[in-house]
Amino acid sequence: DNFPFDPPFVRVVLPVLSGGYVLGGGALCMELLTKQGWSSAYSIESVIMQINATLVKGKARVQFGANKNQYNLARAQQSYNSIVQIHEKNGWYTPPKEDG
1 DNFPFDPPFV RVVLPVLSGG YVLGGGALCM ELLTKQGWSS AYSIESVIMQ INATLVKGKA
61 RVQFGANKNQ YNLARAQQSY NSIVQIHEKN GWYTPPKEDG
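Numbering (the UniProt record's numbering), first residue to last: 1 to 100.
These are calculated hints, taken from the structure and not from any lab test. A portion of the hints provided could be inaccurate.
In silico EDC-like links for lysine to aspartate or glutamate, alpha-carbon gap of 16 Å or less [claimed, not checked]: (1) K35 - D6; (2) K57 - E88; (3) K35 - D1; (4) K35 - E88; (5) K89 - E31.
Generate coordinates for the entire structure from the input sequences, incorporating the hints supplied.
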């Protein structure tokens, strides 16, 4: 609503994905998409490239045959708000691969 001064709310609508930092409702777990990690200097193109890199890094996979209605805006917003609260408390940390 206040883009580019605030981060856009971005979610996956379809296809249903597993992994790739995709949360319930299709929300994305990315510091870049929070007020803490956002910069008004980011372009839409750079945001899309970062989302793509995050999905690849997280090994996102299409869940063929999954319920296409499991992603919805309300659930995505709830998941996003929950993960932001967790990261605001604990920081944004990616554990080493050997830690899972």
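Verification of the supplied hints:
Between the alpha carbons of K35 and D6 the distance comes to roughly 6 Å, so the proposed pair stays at or under 16 Å and holds. Note on K57 and E88: the hinted pairing is violated, with a Cα-Cα distance of about 22 Å set against a maximum of 16 Å. For the proposed pair K35 and D1, the alpha carbon gap of about 13 Å is at most 16 Å, so the pair holds. With a C-alpha separation of about 11 Å, the suggested pairing of K35 with E88 holds against the 16 Å cut-off.
The straight-line distance between the Cα atoms of K89 and E31 is roughly 13 Å, inside the 16 Å bound, and the hint therefore holds.
The structure does not agree with numbered hint 2 stated previously, though it agrees with all others.
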